[in-house]
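Since chain A is already given, all that's left is putting chains B and C on it; use the hints.
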Amino acid sequence: MSDIEFFLQQLGNGVILGSAYALIAIGLTLVFGVLGVINLAQGELFMVGAFAGLVCLEQGFGLTAALLAGAAVAGGVGLLIERIALRPLPAGIDPHIPMVSTIGAAVVIQQVTTKIFSTRQHPYPTPAVLAGSVTLGPFQLDYVNLFIIGLAIVLMVGLTLLVQRTRLGIAIRAVAENPRTAGLMGMNRGFVVPFVFGVSSALAGLAGVLVGIYFNNIGPFVGIPIGLKVLAAVIFGGLGSIRGAVCASLVIGVAEVMTVAYVASSWRDAVAFGVIIVVLLLRPVGLFGSPVAQKV
Amino acid sequence: MKRHRGDPSRAADAGFLRAERRARLRLALLVWIVPYAALFAARYGLGYAKLGQPLSWLPVLLGLQLFATIGMVRDLRHARALVGLAALLYLAYFSGLVPGFAAVSSVLPQLCIVALMAIALWLPFSSGQLSLAQAGFMALGAYASAWLTTGSQWPFLPALLAGAFGTALVGFVVSYPALRLRGVYLAVATLGLGEVIRIFFVNFEPTGGAFGMSGIPRYTQTWHLVLTLAVVCAVLFALMRGRIGRAAWAVRHDEIAAAALGVETTRIRILTFTLGAFIAGLAGGLQAHYVRFIAPENYGLAALIDWLVIVMMGGYETFVGPLAATVVLGTLPELMRFLSDWRLLLNGAILVAFLVLRPNGIIGRELLGWRFSPMRVARDGAAPVAQPRAAVEADASKVLLAVEGVGKRFGGLLALTGVCFEVERGQIHGLIGPNGAGKTTLFNAITGLYAIDAGSIVFDGRPIHDLRPQELLRRGIARTFQNIRLFGHLSVLENVMLGGHARMKSGPLRCALGLDRREERAAAQRALQLLGLLDLEQVAGDAAETLSYGDQRRLEIARVLASDPALLLLDEPAAGMNAAEAAELGRLLRRICGELGKTILLIEHDMELVMSLCERVTVLDHGQLVTSDVPAEVQRHPAVIAAYLGSADTQTCTPGAGRHDVRVAACEGVP
Amino acid sequence: MLATQDLAVRYGRIEAVKGVSLRVGAGEIVALIGANGAGKSSTLLAISGVLAAARGGVSFDGRPLSGLSAHEIVRRGVVQVVEGRAIFARLTVTENLLAGAYTRRDRGAVATDIEKMLDRFPRLRDRAAQLGGTLSGGEQQMLAIARALMSRPRLLLLDEPSMGLAPLIVDAIFDLLAELNREGLTILLVEQNAVKALGIAHRAYVLANGAVVDEGESQALLADGRLHEAYLGMARS
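Residue numbers (the working numbering), protein chains in the order written: chain A, 1 to 296; chain B, 1 to 671; chain C, 1 to 237.
Chain A extracted, bound-state conformation (with noise of 0.2 Å):
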């Protein structure tokens, strides 16, 4: 394969990956606009998530429930976080308080996942449907990546029109925006808040099952990478904004590859901390962000 192809190839295993790291990236964008917090424990419910569909595929049931089974326990986890970990938190405390709770919310999952399934690495299986590949040129697609790529587009089409075409999209809006005007107008944060949570933590769940077909192989430490460099992507693109979150997510995925196939695969994880880092060293609130004015 020449250098172009092979330089494509790994642009296509960019955009997969960070596809996937964009749904990831959009439930962690959703929640910091709806409730103000950066959810650390996102990258343990993409693990859980994996774990549910790989639970189902090893049973024999098909790609179908192995999505649905990510997406509802990570779903079911993730509203436990936000029901136990950051709802009794009082109103005026100090605001790193609730971003720490995640991190105690994310040890704990995280651990309790190792006791039920080990710490070692298990082998992912690839579901009967998604063998094989089609070539097109010099180039082999796997079924495997179409789909994923497929899928991540659908869900995040999906939700980018939840969020800005129906009656609960601007409620999540007006809620993220202003929940005093939102309350006055009838859209009840109690509801809003706990709904938001769980479909972003359902999106990461089924992140999860789609990035352990990928890899054909998951582990319970995979939270922590996960998490920073979907956080990396979220502060990259602006908290809060949709958009930022998708194209930073797809910036870093291609970074990755691009950092494991020219570089050195050791040096993968840096890339998205040196991310972090030199954005908001030059812009501290993100590409996308709006700054927070202060009254005085």
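Everything labelled a hint here was simulated from the structure, so no lab data went into it.
Do not rely on the hints blindly, as some may be mistaken.
Straight-line C-alpha distance at most 20 Å; calculated SDA-like pairs for lysine to any residue [claimed, not checked]:
(1) A/115 <-> B/464
(2) B/398 <-> B/464
(3) A/115 <-> B/340
The following block gives chains B and C in isolation, referenced to the frame of chain A:
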């Protein structure tokens, strides 16, 4: 000293208290009963035998539960008694009375290192910066010192200090860009930095890469660790109990108010950040030469979470919080040796549980009885300090503040246009105008929070419109805020002493060496005198948030007086006061003007007060000057009346005869 | 239609509203006027459920309103347009209107109502797809009122609709309010611009320091000099 929790005699509050008591009872049940119930269920219900006998968890849980209960009781005396009980408990553990628990000598080194790292994490956090890079700093110190001792055969102390100072240098460099970040952004950026450092060492072959570095000489003795910890604690105690500690508290809780009081916020942040890195580097070097083998994986997130739980659980107010929590949590591995692989899980659960229970941590200043300036010091007074009188030179100009053609725009909105007026020395000058007229904007422009787009502001003959708030305070301009920006958890006296921050000279070095005591005493006495002037001497030791509203407003005034300014800008000082309180305030302000020779510019809506108190009144409307004159004239001025009561002449613009309809939108004027 | 009984509102220890009792009859426009800081906004916020009343009660159509949450009060037909408009800057004009109709279930009628609103406010129709944050102050005020109307309220509460707006636009807004009232909407209006408010109101209450110091028909209040004193301190010489 009892904790204040509102006045229970109010009927409305009594129901609230009952509900509060029920909530705390529920919490007590949750803390004391539920863990055992869960253990029983897991052991016998789910048959999870590895958990062992539930009662064997008693030593593990008891310490934690006691610690949690300290945070739940209302009465300080009860809380302190519980602290004593917990101390006895841990003494029992350390003395070897508990079967299976090793004596103190084997646990102490590890505890010291964890304590040092917890303090390293706590220090920047005490000024509002959650730096999650401390694991990376520890790695830098460890690798640097180990490199020097193994590779270059340096002796222990120089290598250790080189590592620590080198890490401090890195911290210093990082602290500058960190200034631009706030809150969670800073936490995330530093998290990234810490991980980048770790990954660097994974890839750095000369130090062994991912396999780490071995064969480090065993230089560290237990007494080294204990001594280091003791010295660090002593230095921090001296440093944080006076001017610097007050300033750090202020920066953490309200940066804008801190800046307005003259606190150099950037310096405080850089100081705490760099010191935190130093301590982390020191701890890293000490640990490397104790365990003899270091690898990048030791400096990852698992360690960071250990320290994070300790700091969050212990409390951010003093370093004693992290110290106490280190004892409680650091002993868990020993107590739970039979379940060592549950430690991380327990850490996470404890973190969440304690954050929900007491987000600010268990140990606080109030519990310890600490103050940033003991009342005792203030009352130890010798001769009363002479009241500094602002001497007015014979040739000093009459005009103290001149606002000339000031304009300010926010995007497309013209907040201020061509505002001109003068404030004369010794005058009480009122600034009034309807809502949204631009009064606070003008204040913010004068005090350096906003930059103006046109015109100039001249104070005492020199232009001031591009100076920072701290600089303006030094020139003699001090302000209060529309919504009270007091430091609620600090005492009344401490708040006033913060007001005098810029007048004090002791820097970090003098404070750390304990050379600031005389200046502290003088400042405390000055503060107490000011409180006497404002009739707040009785409550000098109470927390500011427990004061009545009127008292809080007076405290604000005392605080601005502490910097001995020439010009006071008061933003709605009478807001929320009734007629009697407002009249009292008026008398007070007149005294301040007369006896202390101050000049006052105040924004107010209470017209009775303004008209009776002010010698001159300036009126703003829609960002423009309406008039600046004596009160009697202002009250008669037609434009002023129109601005407040509204204009009588309507200008409807009707396309068709007689139909008042919104299709007039076509005739809209300039928005 | 609406009545408050000894309503009191506290912020921590300060009593901003000290026992206000007022009535609004069906089909009336009632104004709450007074100097800044008199407690007018707090009274309104207590009625619409944003603030909890420390004492006293609010009743609407004979049924109690106090204790209900804000969005339940909206469902009863009492809608507030808050001070400073508070439209959603990141939503389009149409979406803002949809947000106003959130509690309604009849989607077809909502769509019709949106059309009617855009008819009534041609300026908004021009900007229907633009983000709320790009509108001028006057347009935002109209949007805020239109949005409130979307939930088909029976009582409209307005907090300082004239604030920050040029006189011509203020006139247009008040003309609109008068017209809405003629069509049957009951309005309770808080205003600093007393003359303007009394121009369209049937009755008014004057607040000072959290208590009602005067009330009566608009004409009567305009005529005597007590207003002046309430606003500008000492009596006019």
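Tested hints:
1. A/115 <-> B/464: violated, 65 Å
2. B/398 <-> B/464: Holds, because 18 Å separates the two Cα atoms, which is no more than 20 Å.
3. A/115 <-> B/340: holds, 13 Å
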